[in-house]
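Enquirer: Read off the chains here:
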Amino acid sequence: MPESVPAIRTHNLQMQYAATRVLDDVTLTIDRGEVVALLGPNGAGKTTTIEILEGFRVPSGGEVSVLGETPHTAGESWRARVGVVLQSWRDHGKWRVEEFLDYLGLYYTDYATPEVARPWPTADLLERVGLAGKTQRRLDRLSGGERRRLDVAVGLLGRPEVLFLDEPTAGFDPQARRDFHELIRSLSDLDTTILLTTHDLAEAELLADRILVLAGGSIVADGTPDELRHRMSATASVRFRRDGELHTESTDDPVGYLRGLFARPGEIADLEVRRASLEEAYLTLVHQVETGADTGPATLGIPPGPEPDPAPDRVPATREET
Amino acid sequence: MPTVLRAGLRRARIELRQQILSPLAILGLLGPVFMLVVLIWARDSQVMESALSLGQFLVPAYLAFGVISGGVLGVSSEITTERDDGTLLRAKTVPHAMTGHLIAKFFASLVTTLIPLAVIVVGASFLVDGVTPTTAWGWVRLLLLSVLTIAAMLPLGAVLGAIFKGPIAMLWTTLIIYGLCAVSGLFYPVTALPGWLQWVVQVFPVYWLGLGFRSVILPADAVALEIGESWRTWETFGVLGVWVVLGLVLAPVALRRMSRRQSGSALASARERVLTRGY
Numbered sequence: 001m002p003e004s005v006p007a008i009r010t011h012n013l014q015m016q017y018a019a020t021r022v023l024d025d026v027t028l029t030i031d032r033g034e035v036v037a038l039l040g041p042n043g044a045g046k047t048t049t050i051e052i053l054e055g056f057r058v059p060s061g062g063e064v065s066v067l068g069e070t071p072h073t074a075g076e077s078w079r080a081r082v083g084v085v086l087q088s089w090r091d092h093g094k095w096r097v098e099e100f101l102d103y104l105g106l107y108y109t110d111y112a113t114p115e116v117a118r119p120w121p122t123a124d125l126l127e128r129v130g131l132a133g134k135t136q137r138r139l140d141r142l143s144g145g146e147r148r149r150l151d152v153a154v155g156l157l158g159r160p161e162v163l164f165l166d167e168p169t170a171g172f173d174p175q176a177r178r179d180f181h182e183l184i185r186s187l188s189d190l191d192t193t194i195l196l197t198t199h200d201l202a203e204a205e206l207l208a209d210r211i212l213v214l215a216g217g218s219i220v221a222d223g224t225p226d227e228l229r230h231r232m233s234a235t236a237s238v239r240f241r242r243d244g245e246l247h248t249e250s251t252d253d254p255v256g257y258l259r260g261l262f263a264r265p266g267e268i269a270d271l272e273v274r275r276a277s278l279e280e281a282y283l284t285l286v287h288q289v290e291t292g293a294d295t296g297p298a299t300l301g302i303p304p305g306p307e308p309d310p311a312p313d314r315v316p317a318t319r320e321e322t
Numbered sequence: 323m324p325t326v327l328r329a330g331l332r333r334a335r336i337e338l339r340q341q342i343l344s345p346l347a348i349l350g351l352l353g354p355v356f357m358l359v360v361l362i363w364a365r366d367s368q369v370m371e372s373a374l375s376l377g378q379f380l381v382p383a384y385l386a387f388g389v390i391s392g393g394v395l396g397v398s399s400e401i402t403t404e405r406d407d408g409t410l411l412r413a414k415t416v417p418h419a420m421t422g423h424l425i426a427k428f429f430a431s432l433v434t435t436l437i438p439l440a441v442i443v444v445g446a447s448f449l450v451d452g453v454t455p456t457t458a459w460g461w462v463r464l465l466l467l468s469v470l471t472i473a474a475m476l477p478l479g480a481v482l483g484a485i486f487k488g489p490i491a492m493l494w495t496t497l498i499i500y501g502l503c504a505v506s507g508l509f510y511p512v513t514a515l516p517g518w519l520q521w522v523v524q525v526f527p528v529y530w531l532g533l534g535f536r537s538v539i540l541p542a543d544a545v546a547l548e549i550g551e552s553w554r555t556w557e558t559f560g561v562l563g564v565w566v567v568l569g570l571v572l573a574p575v576a577l578r579r580m581s582r583r584q585s586g587s588a589l590a591s592a593r594e595r596v597l598t599r600g601y
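Protein chains in written order, with the working numbering: chain A, 1 to 322; chain B, 323 to 601.
Chain A with its partners taken away, still in its complex shape (with noise of 0.2 Å):
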């Protein structure tokens, strides 16, 4: 395989079902090396997405290449070169974790190189997903985030050159949330093509070198975590009172916005000046695709808000898409 192929590729991937259309326009590129989030509403394809890359839904249209090849009619080899962490839910409760992995990592065997020992060794696995007191525990006396660990671990087994999770946090509570976050940082120095979804903006922007927001069915922003904060934060909302009367305008321009202003006649009280945060730029996004509206950047809007809130919890947090 030639460094020089891109870990994942789509070109105008499709996706319908019956009178449905899930993905419209699905175009993205993700190179070796990248940990990349697929960040969207439910419901906007991400888990239709990811599938297809994972070889698991056949496209209705367009390309779609992972390392290389194309997912749903690649054959066991490639599969040895993909990670698949699932949102594992009672399967093989009986089984203890050590012989669980044990038995998962015999089928990689066959595909171990000079360079790369596979299977992972089991205990030095359960070392790195934080399971190491655990081998001898029925899967089913596991804790949520305990079981979670353990999915990592067999998407890990055949030290994968492409890792998926979806949605992984879904349904943890905080602690057990920030603890997995950490684990998949944790990951970074693997030199594995990560691909993550989520709905959720402050997660992205913790896990990924990039995110790319998916909307009504194709990628409708796309750049590191900063670069996204400076083109969809572009405009900035005003708020103050004229002669009493309270005000709030959006603008692209603030500066000339408030040089008009105090040309003005009129007494000018309470000025503040907010930049739109990246959490509010992303929601504006979002609606303007979801009913319809123009997608351009630059006329992202702000909602008038009472208070500046940088707190990122405020994606509503409902459950995960269909």
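Just so you know, the hints here were simulated from the structure itself, not pulled from any lab data.
Where is the CB? At the ideal position from N, CA and C, for every residue including glycine.
Treat each hint with caution, since some may be false.
[Stated by the list, open to error] Selected chain B positions facing chain A (Cβ under 10 Å, derived; list incomplete): (1) Thr325; (2) Glu337; (3) Gln341; (4) Ser391; (5) Pro417; (6) Thr421; (7) Pro541; (8) Val545; (9) Gln584; (10) Gly586; (11) Ala590.
[To be verified] A few chain A residues facing chain B, derived, Cβ under 7 Å: (12) Arg79; (13) Arg90; (14) Leu156; (15) Arg229.
[Said to hold, decoys possible] Residues of chain B clear of chain A, computed beta-carbon distances all greater than 12 Å: (16) Ala329; (17) Leu502; (18) Trp553; (19) Trp565; (20) Leu577.
Assemble the complex: chain A is given as a structure, and chain B must be docked to it using the hints.
Expert: Same frame as chain A, now just chain B:
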């Protein structure tokens, strides 16, 4: 040994150990024990005007029934469960693990189906006269017939498990198969049935399983109760062989079709169903 076979055997060993050591293993023996208790009542009555006791006649019926319950119903319900709990999706994410899974399923089901059969044969030998083979060759035939019929039924179980969507469909299948067992001449001579029904039941494998076990276990003169007064050994092999071919052709197609539909979101909706409806 190829890796996939090694992994499959390891899985079969682990699952068998779990099943045998589980407290629920006792429940699996309730059926055979109940059947043996019935034998105590049945051993003194005669079957029609033959020299055969009802107890004798029931033993091969129990064996055929055991093969059907373990090989067809057991496997199909396991596959339905494993589809809904994510076991099969897990196998799909690991190279060759689906093949290893089916290898494991084959060997584990073979053993779990043979155990109740052994309980019935051993138990019945203490309770009723003339229900065990009298020669070494007779024992070999009994063992071979058990293994071959289980192997023949497993692919059919896999097909049913792959086709049916949930527990309700499984319940109907179970009822239909039990009904088929009831009319297939297992529990009374098939020649006592109306002529047209005799023709119908010969289409299905249940009748031939029963015939096979009767031919191995019952004394030679019991053949008088059979259609054409013959054990029809070649026909038995032929018909069961056709079902084996049918199972082996259909099972990979049905399993592949089911496996294709496995994905994280399919699993999530199964979980949703269980959490809201409770099954």
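Enquirer: Quick one, is the Ala590(B) hint okay against chain A at 10 Å, beta carbons?
Expert: holds, 6 Å
Enquirer: Hey, does the Gln584(B) contact hint survive, CB to chain A under 10 Å?
Expert: Interface hint status for Gln584(B): holds (7 Å vs cutoff 10 Å).
Enquirer: So, Thr325(B) near chain A? Judge it on the closest CB pair being under 10 Å.
Expert: With Cβ-Cβ at 5 Å, under 10 Å, it holds.
Enquirer: Identify whether the interface hint at Arg79(A) stands, where standing means a beta carbon of chain B within less than 7 Å of its own.
Expert: Holds, because the Cβ-Cβ distance from Arg79(A) to chain B comes to roughly 4 Å (cut-off 7 Å).
Enquirer: Ser391(B) was flagged as interface toward chain A. Is the shortest Cβ-Cβ separation under 10 Å?
Expert: Constraint on Ser391(B) not satisfied, violated at 22 Å.
Enquirer: Would you check whether Thr421(B) satisfies its interface hint, that is, whether its CB is within less than 10 Å of any CB in chain A?
Expert: holds, 9 Å
Enquirer: Is it correct that the beta-carbon of Leu577(B) has no partner in chain A closer than or equal to 12 Å?
Expert: holds, 16 Å
Enquirer: Hint Glu337(B) vs chain A: min CB-CB distance below 10 Å?
Expert: At 8 Å from the nearest chain A Cβ, Glu337(B) passes the 10 Å test, so the hint holds.
Enquirer: Regarding the assertion that Leu502(B) does not contact chain A, is the least Cβ-Cβ distance greater than 12 Å?
Expert: holds, 32 Å
Enquirer: Would the hint on Pro541(B) stand, with a C-beta cut-off of 10 Å toward chain A?
Expert: With a closest approach of 45 Å, the Pro541(B) hint is violated.
Enquirer: Just want to verify: Ala329(B) was marked as not at the interface with chain A; is every Cβ pair farther apart than 12 Å?
Expert: Given a closest Cβ separation of 4 Å, the condition is violated.
Enquirer: Please verify that hint: Gln341(B), Cβ, nearest Cβ of chain A, below 10 Å or not.
Expert: holds, 9 Å
Consistency with the previously given hints fails for numbers 4, 7, 8, 14, 15, 16, ordered from lowest to highest.
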